[in-house]
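2 protein chains.
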Amino acid sequence: MPKDNITPRGDNYSQWYLDIVSQADLAESSEVRGCMVIKPLGYAIWENIQSGLDRRIKATGHSNAYFPLFIPMSLLQREAQHVEGFAPEVAVVTHGGGEPLAEPLAVRPTSEAIIGCSFAKWVHSWRDLPLLINQWANVVRWEMRTRPFLRTTEFLWQEGHTAHATEAEAEEETLKILNEVYADFSEREMAVPVLRGRKTDREKFAGALRTYAIEAMMQDGRALQAGTSHNLGQNFARAFGIKYQTVDNLEEYAWTTSWGVSTRLVGALIMAHSDDEGLVCPPRLAPIQVVVVPIYKGEAERATVLEAVDRVVASWGGRFRVKVDDRDQMTPGFKFNEWEVKGVPVRVEVGPRDVAKGTAAVARRDKPGREGKQFVGQDVLADHIAALLEEIHNSMFERAVRFRDDHTVDVADYGELVEAVKTGFARAPWAGTGADEERIQNETKATIRVIPFDQPGKAGRCVATGAETDQVAIFGRSY
Amino acid sequence: MPKDNITPRGDNYSQWYLDIVSQADLAESSEVRGCMVIKPLGYAIWENIQSGLDRRIKATGHSNAYFPLFIPMSLLQREAQHVEGFAPEVAVVTHGGGEPLAEPLAVRPTSEAIIGCSFAKWVHSWRDLPLLINQWANVVRWEMRTRPFLRTTEFLWQEGHTAHATEAEAEEETLKILNEVYADFSEREMAVPVLRGRKTDREKFAGALRTYAIEAMMQDGRALQAGTSHNLGQNFARAFGIKYQTVDNLEEYAWTTSWGVSTRLVGALIMAHSDDEGLVCPPRLAPIQVVVVPIYKGEAERATVLEAVDRVVASWGGRFRVKVDDRDQMTPGFKFNEWEVKGVPVRVEVGPRDVAKGTAAVARRDKPGREGKQFVGQDVLADHIAALLEEIHNSMFERAVRFRDDHTVDVADYGELVEAVKTGFARAPWAGTGADEERIQNETKATIRVIPFDQPGKAGRCVATGAETDQVAIFGRSY
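Residue numbers (this note's numbering), protein chains in the order written: chain A, 1 to 479; chain B, 1001 to 1479.
Check the hints yourself; a few may be wrong.
[Stated by the list, open to error] In silico BS3-like links for lysine-lysine, alpha-carbon gap of 25 Å or less:
1) Lys121(A) with Lys1003(B)
2) Lys1335(B) with Lys121(A)
3) Lys1323(B) with Lys335(A)
4) Lys1323(B) with Lys58(A)
5) Lys1335(B) with Lys58(A)
6) Lys323(A) with Lys297(A)
7) Lys1121(B) with Lys1243(B)
8) Lys1003(B) with Lys1335(B)
9) Lys1367(B) with Lys1335(B)
10) Lys335(A) with Lys1121(B)
11) Lys1121(B) with Lys3(A)
12) Lys1058(B) with Lys1003(B)
13) Lys373(A) with Lys297(A)
14) Lys204(A) with Lys3(A)
15) Lys1357(B) with Lys1335(B)
16) Lys1373(B) with Lys1357(B)
17) Lys445(A) with Lys204(A)
18) Lys373(A) with Lys323(A)
19) Lys176(A) with Lys204(A)
20) Lys323(A) with Lys1204(B)
FYI, nobody ran anything at the bench for these hints, they're computed from the structure.
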């Protein structure tokens, strides 16, 4: 049903997003400029995201560890490009325990510098490599314009940091994380399809050799960078002295990588799937996958229906994350509305007639109204729900793929690019420079999101320079 | 076997602790004064602690959420006792994004102030209560003398924050957390027995009505406060405006609580159980519960033994957290030593004769040497290990209880107290004041750890004032 307090996407996409965050009770602003409070439902989604990522990060051989929140300014300054990129965004602690500090401390904007110091102590020989570490932490970047989840001064993330004996191994790690961890998680758990590719030099991480990214399309056609993986070359190893003895007893600098995703993924999840009725949560990450609403009038019906509900839910034996909404003071309509706004994938209704017939009504969140409602026998309900959750995931993913494909245009020249990025992505032949990218951004607000791995082989004339090229780039406006 | 690089407990307990932390590779110092790096094994123990606590926190009805790292100084100052307690320990951010801030921000030393602001927005009616929130976060307290895990400038913790309609409900919550979450976790998962009780006014949390704590005894007889739970009364509700409308339409301040445990528990775990050979990790929290060491000479034996090891471990089907140490370049003796230092509860050795006989040798970490070694048939190995892990937990717990009882003296007068706290706890009749506590601390370094819930009913003459009293207090030197 339409919601008074949610601006339709078509009217104002940006306000719609803020309305979803607020009405679904995911987050709110705080007393601190640019910092948000992540409320229980928003945090429960993040916990499920953490769990899916952590499993993949450990399965690919990484161990979690924890490094200090503070980084002495002198350390941050060791890698020249790194400090140039991050110094303007840093929050600085100048006093501790009532005294001015001898050296100011940066609140970590990312941890290459402090982790680099540890790696220099941990790595001595080729036997110590690869060193595969991940950290779950909060970081702070002083942002001017913030939006809940998408861009906040403090955010939560994981940051992987690894060291390797060769450039090839560092490159392999960088790509493995992008493909086996980030893209796999995004598509298989968030139901958000992503383009994979390399960032241009203009867009890469401060201090990296190469940055790879996954990019998703939101429902307004804009891009959201959902994860990045950096091959840092030997830049940080040189700056922090991460050296090892090779098999042949030579001293070499290690090759390092870093990679991260953040609470921004919650924003991606919201913007990729939700509708004008509220949040639509992908089933594998939904804190509540199934809400059961008993329907009754009066005490006798109440007892009969609740007894049936208890019996049915008990028979599922923890197969799903279930909430039985047996609040007495609210009507079923109020409850339907609340769980719709909060994005619960499957709603089960049980009334007295269902009890008599041994059935239940099952409604799916991603297809509102009659279209998504079915009556199902209680004896087969668990299997039905399990299959339905799978179907909802696949349907959400396919819809998002279709939307992206429908909003991606192969452009032949700059005029077509200008048009295409108004509503989505432009796939454009590209042989330009950073200066060309900057000019295009100034004129169209679009940037190169990635040079995709998936290349057509033959492209055409570069939209900036007119030179023949075999390479395409994906242009889009971004969050 | 004795370790060259671990100082025996009897020689220097404090150095022994540092040696265990370093030799078991749990943590190390960092470039930032008072902040440690938690290394993978230390962090894996913390992850298991988190998991056991989080399960209990959710089972008692609490939801996780996340609040900002920064607290505007003016907010921290709203509750008078609170700021008095924490202001001297605060790290202060004065610059952000290259500019001085209009108002300095405290890095949270605890989150009552910032969470109080949110609670004031979230609570309107009695229907919104109880409000049961928990946060996993890092906090910073500027400490002068630090020790890994036990006292560090930055540490990791959970902090629960709840609001209730009545004092009785807040009190019930405070005690439920102490008993059902903290004490239950400590005893059932850490195998660390704890005394439960109330803190004196002198020792309570800054701004609390009453503070309860669990206190454990370390192997040097000193106390370690392992968790605290505070009934905050209406102090914070008044300071932050957490008001609700009662059933009778009256406006009332809510009653709030807060409670926390931290990475200090890792220190408690180490100091309660470990020995001169290294870490002894309680089985339920051990990142590796069973290490399997294949024993062979030459290629043919190697193939036979590894095939058997793979088959046996596969047959356990994920029942334990297992590591097969099949590193070729190390001797079995080297491996035994490494896993002994790192505290793995059970070691399984499989050699060619074991393969021929269908057996394995099983050694337990908590009883080193011949005493703890058994030969077990491979067909019953899984059940044997499962039972052994239980037995190890129980044995570690009982040993710790025995140690505490052996080092706790019922004292009749001050002279006996002075002696008793040199080696352990004194259980003393108590009717003194804060000034009496201070004097005793100055003279003996011992403080009242708790007024225990477990009271004898009839005590004797107060060790400070000589007045007849029915109450005993537990005195001890503490970490």
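Now for the hints, and whether the structure bears them out:
1. Lys121(A) with Lys1003(B): 23 Å, holds
2. Lys1335(B) with Lys121(A): Satisfied, since the Cα-Cα distance of roughly 23 Å is no more than 25 Å.
3. Lys1323(B) with Lys335(A): With Cα atoms ~49 Å apart, Lys1323(B) and Lys335(A) exceed 25 Å; violated.
4. Lys1323(B) with Lys58(A): 14 Å, holds
5. Lys1335(B) with Lys58(A): 23 Å, holds
6. Lys323(A) with Lys297(A): 21 Å, holds
7. Lys1121(B) with Lys1243(B): Holds, because 9 Å separates the two Cα atoms, which is no more than 25 Å.
8. Lys1003(B) with Lys1335(B): Distance ~14 Å between Lys1003(B) and Lys1335(B) Cα, so the pair holds.
9. Lys1367(B) with Lys1335(B): Roughly 18 Å separates the two Cα atoms, so the pair holds.
10. Lys335(A) with Lys1121(B): With Cα atoms ~23 Å apart, Lys335(A) and Lys1121(B) stay inside 25 Å; holds.
11. Lys1121(B) with Lys3(A): Status holds; Cα separation ~23 Å.
12. Lys1058(B) with Lys1003(B): Violated, because 42 Å separates the two Cα atoms, which is more than 25 Å.
13. Lys373(A) with Lys297(A): 22 Å, holds
14. Lys204(A) with Lys3(A): Not satisfied, since the Cα-Cα distance of roughly 41 Å exceeds 25 Å.
15. Lys1357(B) with Lys1335(B): At roughly 23 Å apart (the allowed maximum being 25 Å), Lys1335(B) and Lys1357(B) satisfy the hint.
16. Lys1373(B) with Lys1357(B): Satisfied, since the Cα-Cα distance of roughly 17 Å is no more than 25 Å.
17. Lys445(A) with Lys204(A): Given pair Lys445(A), Lys204(A) holds - Cα atoms ~18 Å apart, limit 25 Å.
18. Lys373(A) with Lys323(A): Roughly 19 Å separates the two Cα atoms, so the pair holds.
19. Lys176(A) with Lys204(A): 18 Å, holds
20. Lys323(A) with Lys1204(B): 39 Å, violated
Comparing the model with each numbered hint stated earlier shows that hints 3, 12, 14 and 20 do not hold.
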